[in-house]
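The lines below spell out each chain.
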Amino acid sequence: MRGLCAALIFVTTALAVGLALDAWLQAAEIQSPLETYIDPIYGPSYYPGRSFSRFHESFFLGGTNAWGYLGEGRPERNETDEVRILLVGDSFVLGHTVFERHHFKRVMERELSAALGRRTAVLNFARADFNLWNMHRYYCDFASRWDHDLALLFVGESDLVPSRQVGSALYPFSYASADTVAADYSFRASRQFHQAKRLEPLLSRLAVPRLAFNLYKLGLRGKTAGILFGKLAPARTADAEDGRTRAVAAVEPLSAHSRVILRDLARDRRVLLVYKEPIDDTYRAAIDSLGAHPFDLVPIFTGLRARGVEPRWWPVTRKLGHWNQQTHQDIGRALARVVLDRKLLD
Amino acid sequence: MLFNSFIFVFFLAFVWIGYLLLRAPRPRAVWLLAASYAFYAYWDWRFCSLLVGLTLVDFSVGRALHAAATVRRRKQWLAVSLAANLGVLGFFKYFNFFAAGAQAALAAFGLELDRAHVSIILPLGISFVTFRSLTYTIDLYRRRIEPTRSLLDYALFIAFFPILVAGPIERAGNLLPQLARLRAPSRREIGAGLVLICLGYFKKVLIGDAAGRIVDHIFGQPELYYSPELLAAVILFWIQIYADFAGYSDIARGIGKLFGVNLAVNFEQPYLSRSFSEFWRRWHISLSTWIWDYLFNPLVAAVLRRVANWRFASVQAEMRIAYPVAAIVTMLLCGLWHGAGLTFIVWGGLHGLYLSGERLFVYRGKSIPLRWRLRGPRSVVRLVLGLAATQVLVMFAWLFFRAENLAQVGYFLDQIVHWQGSELSGRFAAITASFMGMMVFLDLLEYKTGTHAWLLKLRPAVAAGVCIAAMAVVALYLATVDPMPFVYFQF
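Residue numbers (this note's numbering), protein chains in the order written: chain X, 1 to 346; chain Y, 1 to 491.
Hints are supplied without guarantee of correctness; some may be wrong.
Each pair of labels, with its calculated beta carbon distance range [claimed, not checked]:
#1 X/E72 / Y/I17: 39 to 45 Å
#2 X/R54 / Y/I17: 36 to 42 Å
#3 X/A23 / Y/L445: 14 to 20 Å
#4 Y/G357 / X/L232: 50 to 56 Å
#5 Y/W419 / X/A66: 55 to 61 Å
#6 Y/G357 / X/A7: 56 to 62 Å
#7 X/V298 / Y/H418: 46 to 52 Å
#8 Y/F441 / X/S91: 20 to 26 Å
#9 Y/V384 / X/A66: 55 to 61 Å
#10 X/A169 / Y/F441: 40 to 46 Å
#11 X/A235 / Y/G357: 55 to 61 Å
#12 X/E72 / Y/V265: 48 to 54 Å
#13 Y/G87 / X/R54: 42 to 48 Å
#14 X/A23 / Y/V384: 26 to 32 Å
Hints are computed from structural coordinates only; laboratory data are not their basis.
Virtual Cβ for every residue (Gly too), placed ideally from N, Cα, C.
Turn these sequences into a full structure, and let the hints guide you.
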């Protein structure tokens, strides 16, 4: 009986202390609960009104607005006659590495507001692990509901060929069906979806389970041995290090799905495609032939490198990752310039 | 090998089980010595030779010093030890600093010198190793201890892995006798050791490292941040350096207890200090007592001898000169010990000024007890004012300690004085308050219970529950972030 009582006290204390520590982890922003949930229509989506922090490559403090996207929010209807530009892209555009005031959207807002004489709002609808098929679907289903004057869709080579990506299987996506674009929502029938939904109540409220979830994700990327054994862990290959992109020897042709989606986007006068990384000439030619005239960010990176700045280098953590603050500044200025030069808001 | 890494936890478990399986002191000492060298070699095996060299020199000097018949001979042997230890320290840690200084000084007179710069890695914990080694020869010189006859014991005294790279700076008189008679730990020691390790990890990993992440980013690129964020970084560093170092010391003491060795207490709630003299009795105690014994007191005596010739009216008058001079010189050297840079020297100089000013103008030589005596509202007000004033000035000095250079200090101060708010002020205030709250809560628990292992005062089931929950969170956090080295490892 005494043993049982001691066991009960032990378990109760451990749980109480665990919960107290969880609250403290959240208050000190050491770890936030999961800020995303799996929406049955849009896939992984942000909870509205959440604050969270990130420390992976750099220091990020930010949050979502009442409408469930990053940064300062706007309602769907534009009642103030402001210029609205939407950003749709992956983690580079998401900017979980910079404060909102350093994000290129702020530079664009500043420059465009000054040049146009009208208040300009740039709304960030990016999502992690997005590819062309996902972002097209998200643009059609969700982002385009915000009365916008222009939408910028950021793509890289791997986004154009989603078969090469090991992205999130929990997103809906667009595909070509008899020369038109159709939507696939089959993710909500998947085992992964149901597992995620079961864990959601725990992960979205508590920080400690989120830590365990982070560890699980590191395990999936094959980092467990390195965490446990440090220098003594077997060396890992570069492919294993990344773990998110399948290696391919040659350039695959642009799939029929991607072609139809790109053609659909090219027809939309309110859409500008932006290359966020070097693109093979084969793809460039294919995309140009569809009537799209993307804007290329690569010359900006080249310019930064010429000035001795590595666009994705984080000096504090000494990691190569997403765009740093200086790169955001240059991207913001370049995008504002192209919007004005091409008269995309006229 | 970092304490805050899983490989170290496996290493510790392996070494401890091996230690418990061995029954006699000699094999235990051999085992711990081998483990200590393996611990150091994990960082860089080449520097093990440095440990061997310092061990052999000071062991031989110790024997020769003890056998020396005349004072002159004893002084000569002590000089050999000082030259060896300070020579190693000077070469690895200060060569480039002084070479650059000499070059700048000569350039002021129009003399150009080729850049004298040696690319060297600073051996891990070199300052701690040399200071520990010096306690042996200096105490032998002063005839405070007897020399050890066992090279094995002495080698273990220098290399004992819990204190090898960041102290506490153990005195030979305390540690050597324990290492000579290594014994199995009692159940109580194991309990206390595990509790200290658990609390140490909590402080180091969840408070120190978590605060340090923010500090590193803001000090790394301060131009990206506004006044409230810069101020938060200064306060968070005040928390980080304490949690980091006190956490390390708790882990070291806990590990010592697992091997039946009692190591010196290094911290006694320094941020509950109401004065600077109290602060230095609570902060990095093994260093401050080292400095007190081997630097400050001899300096005071030397200054007093000189001042006595000036025929001052009273001893108090003489002390009014001797204390500030000794305090400032000692703290400048203390700053230099921490790092070869102007920022560290200014940090030391500031503490020297604080101590002198306090002695001359505030407390006028009165001693302040370490326990609070609160009698009535006036004493509470005095306590709060003392705490606030002391800690704000300590924080100000830490800014120099953490900054990359003096220009960065200037930038921080300029931005904080010319206050410019940010949209994240509230969040930074909440973050800072949360870290501060946890640190003060733990300090008050230690202060109230009078022990670092305060969990042992609770029912065993409750203590176990707290430890398991805390360690689970620590392990999860540690596994998901890049481990941060201890701040004091660089010294």
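Against the structure, the hints come out as follows:
no., hint, verdict
1, X/E72 / Y/I17: 39 to 45 Å, "violated, 57 Å"
2, X/R54 / Y/I17: 36 to 42 Å, "holds, 40 Å"
3, X/A23 / Y/L445: 14 to 20 Å, "holds, 18 Å"
4, Y/G357 / X/L232: 50 to 56 Å, "holds, 52 Å"
5, Y/W419 / X/A66: 55 to 61 Å, "violated, 30 Å"
6, Y/G357 / X/A7: 56 to 62 Å, "holds, 57 Å"
7, X/V298 / Y/H418: 46 to 52 Å, "violated, 40 Å"
8, Y/F441 / X/S91: 20 to 26 Å, "violated, 37 Å"
9, Y/V384 / X/A66: 55 to 61 Å, "violated, 41 Å"
10, X/A169 / Y/F441: 40 to 46 Å, "holds, 44 Å"
11, X/A235 / Y/G357: 55 to 61 Å, "holds, 56 Å"
12, X/E72 / Y/V265: 48 to 54 Å, "holds, 51 Å"
13, Y/G87 / X/R54: 42 to 48 Å, "holds, 47 Å"
14, X/A23 / Y/V384: 26 to 32 Å, "holds, 27 Å"
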